[in-house]
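From the two separate chains plus the hints, produce the assembled complex.
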Amino acid sequence: MEYLSNINSLTSYLPELMIVITILAVFIMESISTYRPLTYITTIIGLIFAGLLLMISSSSTNLLFEGMIVNDSLAMFFKWLILLSTLSIVLISRDDGSVLDEVKGEYYAMLLIITLGMFAMVSAKNLLMVYLAIEMVSIPSYIIAGISKNDRESNEASLKYVIYGSFASGIMLFGLSFLYGIAGSLDINVVASKLSSFDSSLTVYMVIIFILVGFGYKISMVPFHYWTPDVYQGAPITVTAFLSVAPKAAGFAILIRFFYTLFIDNIEMLQWPQLIAIMSALTMTVGNILALNQTNIKRLLAYSSISHVGFMLVAFSIVSIDSVVSIMFYMFFYLFMNLSAFYMAIYMSNKYGANEIDQWNGVGLKVPVLSFFMVLSLASLAGLPPTSGFVAKVYVLRNLFAESNFLWLGVVAIINTVISLYYYFKIVRAMYFMDNDKLTVQDCSPILFWSIIIFSLQNIIFYFYWPNLLESLNMILINTGMF
Amino acid sequence: MNSSILSLLIFLPVMGVMGMLIVALLGKQGLMKTENKDVYKYIALAVTGVQMLLAFFLYANFDPTLSVTQSPFTVQFDWIPSFNIEYYIGVDGLSMPMVILAALLSFLCIVISWNVEKHVLGYFSLFLLLDAGMMGVFLSLDFFLFYIFWEVMLLPMYFLIGMWGGPQRHYAAIKFFLYTLFGSVFMLLGMLALYFYAPGGNSFNLIQLITQAPQIDASLWGFDMRFLIWIALFIGFAIKVPVFPFHTWLPLAHVEAPTAISVILAGVLLKMGTYGFLRISYPLLPEEAVNFSFMMALLGVINIIWGALNAIAQIDLKKMIAYSSVSHMGYVLLGMSGIVGTESVGAEAGMNGAVMQMFNHGTITAMLFTLVGVLYDQAHHRWIVYPMDYKDPELAGKLGFGGLASKLPIFNGFIVLAFFAGLGLPALSGFISEAMCFIGGFGSFRVLTIIGTLGILLNAIYFLRAYQRIFLGPFNEKYSDLKDMSFRDMAVIIPLAFLTLLFGVYPQPLLEIMRHSMSKLILLVQPFI
Chain A
1 MEYLSNINSL TSYLPELMIV ITILAVFIME SISTYRPLTY ITTIIGLIFA GLLLMISSSS
61 TNLLFEGMIV NDSLAMFFKW LILLSTLSIV LISRDDGSVL DEVKGEYYAM LLIITLGMFA
121 MVSAKNLLMV YLAIEMVSIP SYIIAGISKN DRESNEASLK YVIYGSFASG IMLFGLSFLY
181 GIAGSLDINV VASKLSSFDS SLTVYMVIIF ILVGFGYKIS MVPFHYWTPD VYQGAPITVT
241 AFLSVAPKAA GFAILIRFFY TLFIDNIEML QWPQLIAIMS ALTMTVGNIL ALNQTNIKRL
301 LAYSSISHVG FMLVAFSIVS IDSVVSIMFY MFFYLFMNLS AFYMAIYMSN KYGANEIDQW
361 NGVGLKVPVL SFFMVLSLAS LAGLPPTSGF VAKVYVLRNL FAESNFLWLG VVAIINTVIS
421 LYYYFKIVRA MYFMDNDKLT VQDCSPILFW SIIIFSLQNI IFYFYWPNLL ESLNMILINT
481 GMF
Chain B
1 MNSSILSLLI FLPVMGVMGM LIVALLGKQG LMKTENKDVY KYIALAVTGV QMLLAFFLYA
61 NFDPTLSVTQ SPFTVQFDWI PSFNIEYYIG VDGLSMPMVI LAALLSFLCI VISWNVEKHV
121 LGYFSLFLLL DAGMMGVFLS LDFFLFYIFW EVMLLPMYFL IGMWGGPQRH YAAIKFFLYT
181 LFGSVFMLLG MLALYFYAPG GNSFNLIQLI TQAPQIDASL WGFDMRFLIW IALFIGFAIK
241 VPVFPFHTWL PLAHVEAPTA ISVILAGVLL KMGTYGFLRI SYPLLPEEAV NFSFMMALLG
301 VINIIWGALN AIAQIDLKKM IAYSSVSHMG YVLLGMSGIV GTESVGAEAG MNGAVMQMFN
361 HGTITAMLFT LVGVLYDQAH HRWIVYPMDY KDPELAGKLG FGGLASKLPI FNGFIVLAFF
421 AGLGLPALSG FISEAMCFIG GFGSFRVLTI IGTLGILLNA IYFLRAYQRI FLGPFNEKYS
481 DLKDMSFRDM AVIIPLAFLT LLFGVYPQPL LEIMRHSMSK LILLVQPFI
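Going line by line, the protein sequences match chains A and B. Under the numbering used here, the first residue of the first sequence is numbered 1, with each subsequent residue one higher. Under the numbering used here, the first residue of the second sequence is numbered 1, with each subsequent residue one higher.
Okay, chain B solo, but in the shape it has when bound (with noise of 0.2 Å):
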């Protein structure tokens, strides 16, 4: 069972995808009654729930302190020989909260789905992909292997978004294939460089890479190749994050995209980005890591002030949330260039609370865009204030929703709580791992971290204007026949919402599982600084 517990999370969804052919195939053929497509939903949510089940298994009998090479539940053998590949999978404390976060959403974005009517067959088969990409991009331990998955993923999401999202969603798909591919094409060349220049043999091994990599002595037109990896693969990770001024794939993807697809791609898909960082970039390339951490501070930095001066200024509530991603990712990178403080307690602030933040983000935003698909499953808009070039002149640069705070008053609880956590108030997860991301960037780069602490005051007029503008003030009557949550949507954001005031109140569980991981990476950084 431990052996096989890794492989089973990634490839449980590829067997889903294969039972679901199966039945459509015996439904053609007229064995089995498929017209009202439900049975594809009950196995994609049979599929993702076993593999949720499968995460918490794992977290169960996840021992933190034991490294990859010595857990019992890393595998692995040589898959392609004669290149030094391998099916190399293992858990950590870096993996592992983001595993769980990955199964979590996966389940609860079936749910979210639920309403899917178009093409019910393709959706929840891509998505199943879609799961099985991410799952092994977050446990894979071989590079190559790592970026084949990495890749997997982009053609469902690109299916997901062009098929199903909204209006712009033709121009959106494309945007966001062609703006990963080409961050990715450029991790290739630097997969491919660590292979041939790191001594010690050809490998895409990323825990023999740790060894070997830093001792690469070559050079190319100029420059240190060390550096030019670093770049290459910064390239490619910072577009996923998205790093300023990479962002503006995500805007488009995160509206146009179907509310379950906005879910995954904020709570699990911008996770990527960092996590490469930390997976990769920092522990083989731990000089270059120092070297840049001033850039990963400021970048940072311009994430969030950037950021949130975006989402001031929207008017679509879901663009808001999508730019609010931009800036709370920018705590991430702004944690991570703490790695460079000379005391300890200030990198491994930094470094844990990056690791919090992302999880943390995930089920944050995950409720956010739920919240609003609610809404504009309803309401078939989600304008803040109207534009000034709306369809109806009348209502043209008025304000949209109003005072549907006491109309909808579970709703309207859950959205406080979301919102809340995401302008990160005390006593909310957020809080934590934003506070802990300021420690770590405060010991090492004190004016920018002091900067950055303005995200937080500009996070805080966002939200709260747009709380304000929707939820308070005078009814609006057009909206009268609005109906509050129901029981399925209560059943996705009510475990969100716990996880979000359970690490508010104790995040111990969740530092628990990556401290010894994050540092052990401390200790392979520091001596280079």
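One chain only, chain A, in its complex shape (with noise of 0.2 Å):
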């Protein structure tokens, strides 16, 4: 591990230049009306070529600009996974309605900048480092959930949103204050050695609550959750698509970070998998209960992924290489199964107006394709065999077994699992068996028709790389020198 010069860490973060490059371009454009078109294919353009420098840069866990930033694996990996949202959400918003065609370009511009501010969270090394990413990732996501101006749901979800997250990120700041105080130090290697010799476990125990307040909000952990379902309703549905999944990766990869290396040494006085351990039982059981009731699709979906948080929180209460690459698995699908079943409700919101489940009668029969791979989607989300959901669920169930430890949590986990079928099928019950005849099927764009077909056909084809998968998680794992 060395440090590397402000000059010197340049090549190591093309990916993040492009992406800047890509952002100035964009408002540069959108600011001429003539080009104002071309922001679409910019952006994709741009997205592509981090992909391609990403892909080419290699991972090391030398700290960059002085030790603000590491580029190691894991952060790679999280990476990728942010990348692939973005890109996949800014290819469907070209056709999508719900973001006005008049504001497009600064919604591209916003996307790729929380892209940016993911890509610092993921890698972040310093205190402060990790204080602007999350900052970066928030600013411009109370924009573009409020970017339907006049949409009064649209303006709700973002004021709401700016006053949950200012206040979770402010008790963060206070919590990064503490170790600051502690260590002396922002750079976060320089924290870990001093609190592993540091023995006031009420002041180390303080830090980690607040600090999850900043964390658990950015996830929607309960009891942090309270923002999610008004600004999932609210803001325009690719939005939500977007906020579902790639700040949850980039929350659970900070989390991992933080975690294992800040409080892994004096894990035994602080016993904080204790405290996740509760916090997963709650996050899946208050998740999944208010989910029952929901009638709106997006707002189920909002409720349903608070529970995927809690499933994912499951295995973050164990420590050990293991329950991280059940983490990462569970995320990769989760990608897809959350992504797919999303742009169907993009489909039906846009084509049919469809934002209630009633709304949703009788489609199964009528769009046949899609509905297929949106029932393979939901009962992936559900976690039946023989999707990847189910895989992903017994991964993060087996570090239960294998540690021997909060065995009590697994029966809380899997007697969620069989709440949550219940209002995923009310989706399917809907689709399926209740009668629309006055439903008139509309064309599918093609992007987003292959997007949801090739999304949800990873949860089923997955047992292809399901082992090369898991022995890359590992690989990455151990790469980062942090096991």
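If you're looking for bench data, these hints aren't it; they were derived computationally from the structure. Computed from a predicted structure; not experimentally measured. Keep in mind that the hints are not guaranteed to be accurate.
[Stated by the list, open to error] Pulled a few chain B residues facing chain A out of the computed Cβ check, cut under 10 Å:
| # | residue |
| --- | --- |
| 1 | Val116 |
| 2 | Gly122 |
| 3 | Tyr158 |
| 4 | Phe159 |
| 5 | Met163 |
| 6 | Phe186 |
| 7 | Tyr197 |
| 8 | Gln215 |
| 9 | Ala218 |
| 10 | Asp481 |
Think of the CB as a built atom: it goes at the ideal place given N, C-alpha and C, for glycine as much as any other residue.
Given below as structure tokens:
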């Protein structure tokens, strides 16, 4: 591990620089009306180039920018997830009606800024950088949640998001200041070495709780989830789809890095896994139970995403390399199943104006192909075999048994799986069991159509790359040197 | 051929589904005429027909004395090496009768479903997926594989009940789904516990676990680990059987499902619960099996009595038969509890009786549901007595049918056979297996078994009463346009009736298949008494 100077760091920072250039280009094009239609294609090209640069850049444990950022394999993995979800959201956004055409340019630019922020978030190695990255994700998120400026719900969503968000990050900043006070440094590695010999567990515990407020708000962990349903419901649906995956991936990345470097040495004294276990049980249960009676699809999917976060936190409550692998595995497939379900909701919302579940009546037989894949995604979200959702859940549960710890959490988790089946299949019920003769079939744009199919298909064809994926995830974690 | 026959049994239906989808695609492109939808029915018929022939071929070449590890049909290779999950399928004396039953009933159910007009492609492709899942459950020897097949059946079943069922189908479908999922997630926990706590390496291999699982030495929350695993597996299997008090999903699902699906539900799916006990719980956790045998006997007797009492109270013929299934599955549990009998004859009688009852109940209940379906398709109701809130107030509380015996002689003949087989008349297959279950139970739990024999009497009450009200007495002129059974209906009933008669007078062929496997199972469990 060595510290690289600012100039030397730039060569390892090319994907981010590519995104910065794209952001500037999109902003300039946006202000010139003749170039405005080009913002879409510019964004896509920029993201693809960022992906290519990400592919050729190799991971290392070197600290960039005098210790601000690390470009290790953990960060790389989450960057790929973030890039993939951003790219796919941008791709389907052109034909989407929920964001007005006149603000599409700003919308793409905001998505890019969030992506940049998340890239910084997953690789931050300095307390100040952590805070900056989270704010860099949050502020544009507030803007795109309220980007439909004529829609009152969207405005409300944005306002709620701002208030909750700034409150949460304020408390987190307070927690970070404790760490600075203890260690006298902002570098996470230095803080970690100071913390391991620091014996006031109450102080560190308070730090953990304050930090969890900030991170928990980002991944919508109960009890910091209150913004989620309102923001998801009010925001334009593509924004909701985006918010439901990418920031959660980034949040988990920073959670893993933070806890596995800072609080790992004095784990015996702190027992923070206990706290996480209780939080995860709460998150799953609250998310699922509140989802049961929802009739709005976006709101239902919001609660569903809360419960999935709870499930990933189950794995986080076990400290082992396997459980981190299982979080990453879960996140990987959660991206596919959740986005494909959201894309179907986008199609329904755009073409049929369907935001409530009973507006989905009769879709199953009228739009057979997409509905079939929607059922596949929902089955995967509910965790039914033989889909990837099931294997991801088994992999999370297996950690509880492997470490023989928190087995009660396993019982809570599986009962939650049963509960979740009910509300996911409320959608299936509407699609297939209810008749609606008035429904006239509307065309789906090819990008959206194939996005739904390809993403949803991952839930079943993952058997072909399951062992390879697990092996590479293991390698990723070993290469980070944190374990 | 030998090594691929079991995989073919499982995946032939899946290929059938693919064939249907290709045909549908060709039809959409205009390359093939698919307007009359019959092509899907013929594909399904051909696939299940070939599958049934394969099952018979398997039976013809099956050597019951070999264990699964020696059998030439067994297939074993690594599927997901990083998890030690194997693709391990094989057939022994326990699964063989179940495979034949599943293959036979699937084929007959396609014939029964010939009248389906609504969404033909969907119905038959889902049915074939269900078929694949059933075969997979009965042939899997790897717990993970078993679990996947077990769960794969849920989704098709949900759609089959929910889209093609009766008036309350939506509620019935989700209730079935939630109940069985609730059970199987506990089974999942049990499976993971076995995987991690069994000494000698993480494995889902059910044959390997027979030696490893009894050595599990751990405890949790003050309970022995094996006890907890047993409980978890018990919840999973008991809901499927269904054991009282988990049985409330069954009457609803059976009544609301279309005829063919009721047949599969009662004929095959219920057997999976008891099959799971015999395949997994008993050999893996013999000590707990011994400790729980009283519980098994008690629940079995409760099932027998409670199911029969409920059946007596029913005025809907299909619901009555559904409750009779609860009662009949009680015999299986009672027979299984006989494994602790100190006289080895008692234990053998009980275990063989349990598996025979599983098979015989499959054929008898299939007959009953099919016959009810035949009646319902013509009369559009199946009330033994009209309910008090019947839509026509003139009829409320009055007899539904009456005197059908003279009007429908052939139908009457078969229903007499089915009803008497159901109530356990000697010389019909139900009697043999029930008697053996009682012999098994009597060896170990005398008082309970004596109470259980009351079930025979109660069975007779509801079957005879239903028969009397529907088929005897003055003929109700309202039903003068009912037609007797068609050739197709008879084609379904005759093989089942033949098996019922055959195993009623000569059960030896059936017994011979399972006898050796059951003896091995008894030898595994007996040392723990």
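Structure-based check of all given hints:
no. : hint   : result
1   : Val116 : violated (15 Å)
2   : Gly122 : holds (8 Å)
3   : Tyr158 : holds (7 Å)
4   : Phe159 : holds (7 Å)
5   : Met163 : holds (6 Å)
6   : Phe186 : holds (7 Å)
7   : Tyr197 : holds (8 Å)
8   : Gln215 : violated (17 Å)
9   : Ala218 : holds (8 Å)
10  : Asp481 : violated (31 Å)
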